[in-house]
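Work out the full structure: start from the sequences and follow the hints.
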Amino acid sequence: MEIGVYKMVGRFASATNSPVVGVVTEKIERNSGRLIAAALIGLILLLVLIIYLKIQAMIAILIGAIVIGLIAGMPFNAIINSVATGMGNTLRGIALLVGLGSMFGAILEISGGAQRIATTLVNKFGENKAAWALGITGLVIAMPVFFDAGLIILIPLAFSLSKKTKKSTLFYAIPLLAGLAVGHAFIPPTPGPILVATMLKVDLGYVIIIGIITGTVAMILAGPVFGKIIGNRIFVPVPASIENTPEYAENKLPKFSVVVGIIMIPLILIVLSTVIKLIPSLKGLVPIIGFLGEPFVALTIATVVAIIILGLKHGYSREELEKVMTKSLEPTGLILLVTACGGVLRYVLQDSGLGEVIGAAVSKSTISLIIIAFVVSALVRISVGSATVAMTMGAGFIAAMPETAALSPLYKACITSAIAGGSTVMSHFNDSGFWLVKSLLQIDEKTTLKTWTVMETIVGTTGFLVALVISFFIK
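Under our numbering, the final residue of the sequence shown carries the number 934; numbering is consecutive throughout.
These aren't lab readings, by the way, just hints derived from the structure by calculation.
One thing to keep in mind: the hints can contain errors.
The list that follows gives simulated cross-link-like pairs (lysine-lysine, DSSO-like), each with its CA atoms no further than 30 Å apart [what the hints assert, rightly or not]:
| id | residue 1 | residue 2 |
| --- | --- | --- |
| 1 | K772 | K583 |
| 2 | K625 | K782 |
| 3 | K772 | K782 |
| 4 | K623 | K742 |
| 5 | K905 | K786 |
| 6 | K711 | K660 |
Shown next, in the form of structure tokens:
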């Protein structure tokens, strides 16, 4: 199949704010087999460099991305622009959040705030049910809050629970990650399903109903159930910075309500910035609430409040707090660079046109629309790495099919969940989320594949299968 790849890339890059559209304008015919071979060779090379040759991940990812671009036939300046765009766009989304989150988490730890949350959850729910509580918390939080922000705010709770119970961090981190992944992909008002629902012209009420059903089942299987299994098989210790935090006597810990209130500050502000747009009478407050609800602003406010209430009022001097917060920033450089390089790999794959090649090939199949929706989005997710791009392409191909218009709203809602499932599966080296989770949990690439990647695949596949079963009973 011959296609005009860089002509397609121009349209794709325009939709994703990529400067490639301004660089590559002529139509260059490329064989789709060459693009697929480029991706396979590049990803295999990446695996060899990281797992067998033990090359530092940042260097390995850059080498893999460049090799993919060269084999795919991308012009040199297109590769350079894809690298620059991948670094810039990825860092723009997480740089401030990672830095602020590190300081916020450090204050929660030294004050005993995270320990208070962990103690309360264990006392109230028990060691096993605390994992369920984290999974549900992650699901609810991720609906209005982006995955990265929710993870950075809540991951100290998983660490504290692990420290208290002496269990593998995975026992609590996996349920939290599963909840966040489900809330981020399946249930509005998170942007992904809203985008798909808009393209398919289906009412959000139906998407929410089906999304809650499919997402809840997915969260249970991928979170508490898989978390317990993998937590018993792989022991991941609490990061040294958390392990070395002194334990406080129960009567010296800050109040549970105070700690929860501070954690909720950024979450409430972010939610309000979304909700207020839906209330006409409060239209005049949209600019100020929207500003306060910007994730980095909301987290800055929460960090300042934590400094005052959990830091200064807890007996720490300004100098001590400054040292603690500065120390917490030491690992952020590596986290940001490795995560950004994951974004580079994604953009090279995306700008090469691989996603459109796979989507176009699968869309010609005669199988069920709901299965096509899952397969298209899954293949784009695996090849490109971006859940948003996978959702966009999956929804785009389904919306373009004439028979889609005649489908019932509930069936379209099932298709939306199938697309969400496909865009979630198989997070690996080309997904910046893979590297963020790896860095925060301080585990190697093989362990991340065995845990995070498997968890994401369970979430996506389960959500799709539940949606498929529901679709059998509706038209």
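Quick one, are K772 and K782 close enough, alpha carbons at most 30 Å?
holds, 17 Å
Is the straight-line distance between the alpha-carbon of K625 and that of K782 30 Å or less?
With Cα atoms ~28 Å apart, K625 and K782 stay inside 30 Å; holds.
Taking only the CA atoms, is the gap from K623 to K742 under or equal to 30 Å?
violated, 46 Å
Between K772 and K583, is the straight-line Cα distance small enough, at 30 Å or below?
Given pair K772, K583 holds - Cα atoms ~27 Å apart, limit 30 Å.
For the pair supplied as a hint, K711 and K660, confirm whether the alpha-carbon distance does not exceed 30 Å.
violated, 55 Å
Does K786 lie within 30 Å of K905 when you go C-alpha to C-alpha?
holds, 28 Å
Violated hints, in rising order: 4 and 6; the structure is consistent with all others.
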